[in-house]
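> Protein chains in written order, with my numbering: chain C, 1 to 553; chain R, 554 to 1106.
It should be emphasised that the hints constitute simulated quantities derived from the structure, not laboratory data. One or more of the hints may lead you astray.
DSBU-like cross-link-like pairs, simulated, lysine-lysine; straight-line CA separation at most 30 Å [stated by the list, open to error]: (1) R:Lys-1057 with C:Lys-15; (2) C:Lys-379 with C:Lys-15; (3) C:Lys-504 with R:Lys-568; (4) R:Lys-711 with R:Lys-1057; (5) C:Lys-532 with R:Lys-669; (6) R:Lys-945 with C:Lys-281; (7) C:Lys-115 with R:Lys-568; (8) R:Lys-834 with C:Lys-453; (9) R:Lys-778 with R:Lys-668; (10) R:Lys-841 with R:Lys-828; (11) R:Lys-1006 with C:Lys-116; (12) C:Lys-281 with C:Lys-115; (13) C:Lys-415 with C:Lys-379; (14) C:Lys-453 with R:Lys-669; (15) R:Lys-1057 with C:Lys-504; (16) C:Lys-115 with R:Lys-1085; (17) R:Lys-1085 with C:Lys-116.
Number of protein chains: 2
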Amino acid sequence: KRPVKAPTGTELHCKGWLQEAALRMLLNNLDPENGENPDELIVYGGYGKAARNWPCFDALVRTLLGLENNQTMLVQSGKPVGVLTTHEHAPRVLIANSNLVGKWDNWEHFYELDKKGLMMYGQMTAGSWIYIGSQGILQGTYETFASLADRHYQGDLKGKIVVTAGLGGMGGAQPLSVTMNNGVAIIVEVDEKRIQRRLETAYLDTTAPDLDTAMKMARQAAADKKPLSIGLLGNAAEVLPAMLEKNFIPDVITDQTSAHDELNGYVPMGIPYEKALLMRKQDPEKYKELSLKSMATHCRAILKMQARGAVAFDYGNNLRGQALTRGVTNAMDYPGFTPAFIRPLFCEGEGPFRWAALSGDPADIEATDQALIEAFPYKTRMVRWLEMAAEKVTHMGLPARICWLGYGERDKAGKIFNDLVASGKVKAPLVIGRDHLDCGSVASPYRETEAMKDGSDAVADWALLNCMTSVASGSAWTSFHDGGGVGIGYAMHAGQVTVADGSKEAELRVTTVLRNDPATGIIRHADAGYEKAVETARARGIIIPGITDQDLG
Amino acid sequence: KRPVKAPTGTELHCKGWLQEAALRMLLNNLDPENGENPDELIVYGGYGKAARNWPCFDALVRTLLGLENNQTMLVQSGKPVGVLTTHEHAPRVLIANSNLVGKWDNWEHFYELDKKGLMMYGQMTAGSWIYIGSQGILQGTYETFASLADRHYQGDLKGKIVVTAGLGGMGGAQPLSVTMNNGVAIIVEVDEKRIQRRLETAYLDTTAPDLDTAMKMARQAAADKKPLSIGLLGNAAEVLPAMLEKNFIPDVITDQTSAHDELNGYVPMGIPYEKALLMRKQDPEKYKELSLKSMATHCRAILKMQARGAVAFDYGNNLRGQALTRGVTNAMDYPGFTPAFIRPLFCEGEGPFRWAALSGDPADIEATDQALIEAFPYKTRMVRWLEMAAEKVTHMGLPARICWLGYGERDKAGKIFNDLVASGKVKAPLVIGRDHLDCGSVASPYRETEAMKDGSDAVADWALLNCMTSVASGSAWTSFHDGGGVGIGYAMHAGQVTVADGSKEAELRVTTVLRNDPATGIIRHADAGYEKAVETARARGIIIPGITDQDLG
Ligand SMILES: NC(=O)c1ccc[n+]([C@@H]2O[C@H](COP(=O)([O-])OP(=O)(O)OC[C@H]3O[C@@H](n4cnc5c(N)ncnc54)[C@H](O)[C@@H]3O)[C@@H](O)[C@H]2O)c1
Ligand SMILES: NC(=O)c1ccc[n+]([C@@H]2O[C@H](COP(=O)([O-])OP(=O)(O)OC[C@H]3O[C@@H](n4cnc5c(N)ncnc54)[C@H](O)[C@@H]3O)[C@@H](O)[C@H]2O)c1
């Protein structure tokens, strides 16, 4: 057990703010306030880690502390493997996590290498050091439920009951997202500690001792049109069928257990939780089989609820894909959340824009919140979000914020932030990054790129171009991972982080990266035939040969 | 049919030499003197293309002509998809070809997308615009046979008979490589035109009308200790078993048919060549099955020759992998050429360093040859190669040269080249690049990373770090591909190209890229536990945390 916490304040431990930012964000990912299981270096998403093991963690820290301003550290699956002399305008860190050659690109081979100490699962923001706790996903979840409400219930979840499962690193954002949209939620979770944690951080309102009570509480709150979130200890693969038996059909059904990982994520039904944890270590093969079978049951229950009128969607955990391997042939009958609710945003270069205050001072985040509200007063959903977030979101580790911004807005925000640091209104540099889940950064056929218009779901060229683009544009660090969210072999994705330290150099880097990064998303969607993306490119002067270059002359 | 040829001379058509170099090298890849089948945009290696289709080719040319010196063009599988404003020190072109998410990373899905016009197979240097004809592979093949001779026959192939197949873009280098090592070769090739072509360029000495004559000629030359290469029209899957029946066991047996591609590469036995070509289009499923069955027969014959005393090795075309899928369970009994002959070179950062003269003047290449011989007089194998190459190699398209150089040598050579351009001794800028087959750039478990000491054969993080490194170091263009040499899903690899135009900026870019690029190779091999790589890192001051950082303080 090694409690870890990022240093705060304005004093440098490294030789420059880019290295310092990488160091603090690495430490912040493993802060017990922030990461889910720091003792095992696990940050979130089942098995998503920040460093391969503790010796690698130490080497990362040591290397970052010594890294010069014209050097670049290479990180291979959570291990620092080299330091190269590049130049001042290059990234300070380049990261590649969990990537395997196609034919070997699966959990089986991954675990073989993991056992040998050669690999690490980086998830998206775990291995790329830009995890900011449940808030990170809270905004995405808020946007998703808001979109759903727009489409199905006139913009509001008032009086509607959402059933879901999983209160982990990402799933923990569900209850608050539903109540922020005025809805009622029952969230099934097998691990009592997770429920406790969400109560403590006020992401979850209350718990129910059993299913009947939970159903009763939910019905009452819905009837009263009051927002309420209820945690229910149990296994989703057991609870959902029980709900069906009791003729309890929610308005919305989804799931955020770590179904993408049948060994270290999902918990099978039919055995006590503690026994399941033991079996994980002692008989992993049996565990995996039970786990996949439970997912099939779980998925079938969702399908039945859909058939009986619930709005069902997959929340990016590959439950459908896993159930498919165990004979649920109609698993794909309900859609993923991206094509249903997120893709229209991607076509405008909208995506998750996040930042953290290296000062450690929440007032710095308040200053940035205010600055964005002033800069983008017409973005009403964002304004509403920022106001609610300021009130309801407890900071975990370094104070941080997230909101979704589009093309043209992200670089503008970056410049505003850099100016705030330069003027001293914000005390120390701001780290700006994003989830790998973004408009141009990911190829993930069961999630972000599911059901693309032209069928290019599995084309990974786009994610690679995004990765190279952020390096070429001057990120502080860039990362490329395999398998985030949906598991090894199911996704390839890139992340970028920049640092606004108030310098002119930072301004150039921050604005260049934040302009080009979402541009690749608009390009990707325009190429796939999305008219909205083409319109955005035209309107914003993004050069796409064969599409907008004629217009641009 | 659109005959294509690179412009030469010192006049710019683009707005800078980096763009101009990309333009000329793209055109040069499709020069009928250089590329194998330019009408179909195919450069080499079965189906390896330079542009997705002719409209994309036109768009590439148009975009390169207009590209500013602070812009970067994005290329997705042979199609220009965007132009971003980056900065002057960034690459001008970023390329991602043929990359698919793991679960979909196979020929089947590739062809589905290819048919829809969404994908292109880039091989290694085809889609990254740095193919320089058979010479490109000639040096590698020369090095391979020289290493083999070192190991098995006291440094010389005098009096030894090599049997192989395939006289395509890469395989065409085999006869000359064997004779440069004083050996005798019989090369089986199913396509008469390929044999003709190799005769014309003097890579092949002669042909034999039938197997018996070929065997007789080979035996005679071996007895006389005279170098000789003999082309034999036929199908390897038929000829090798016939040799066995006639008790003809060569000293060395290998193969360079395009076995990695069972549809557009390998030709099945038992049907006339012309009929096979028809079947390819009309009944691809049947063709593929026949093709894979023939490979099984072909591979079995190699195994039998090995059992009867021949030195057998796989020359990187995945024949063994394909045969394995058709029941040849012992296919892997003979080694790949990399672990057998190439890896020791990789541990010193040695790899294929190539360059082309944009002037179009062969005298420029002579000047560079001389300069390298002067700079590295102690590299006797290289000196011998350069002298023979100057004499025997016919330029195809732009005059070009290749030789293998190690860490510390490549950046030194880059600086020498840039100085030659600056001083006017070389008339126009030199383009410097390499095959994706290099020490740090590729993950390919059936070829370059076969049988790595630590079992990390399939770890693709390394190739990705190499890709990001060349972007961060200031390449002119960087590329990342899937499937080169061994087919879609079997490899991931990166390429980089720099341009020595005589400027100070070029010097910085060229030396930084050429220093860091092989450094990633030494790091990769040191991490895998190769002592020689660790020694090289120590001797050259390459910082590897946990291995050399203590030494370096
Ligand atoms: N944006 C997205 O696409 C998106 C967003 C959020 C989550 N996800 C995906 O959702 C999943 C959850 O992510 P996370 O970070 O919260 O993971 P996590 O591992 O931190 O949490 C998963 C939780 O599910 C619980 N759980 C496992 N099996 C269960 C079962 N059968 N019944 C009830 N509870 C069970 C676990 O106890 C744990 O608390 C992942 O697969 C993630 O990739 C995707
Ligand atoms: N460095 C390396 O690892 C390395 C080097 C050279 C080649 N290769 C591999 O070798 C293969 C050949 O490359 P290439 O560029 O020459 O390909 P290519 O397609 O240009 O040429 C292949 C040749 O093989 C012939 N051929 C196909 N089937 C045959 C058969 N059954 N019998 C006789 N001839 C047959 C074809 O007619 C063609 O001329 C590829 O798989 C390539 O990746 C690897």
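> Quick one: which hint numbers does this structure break? Sort them smallest to largest.
Violated hints (numbers, rising): 2, 4, 6, 7, 9; every other hint is consistent with the structure.
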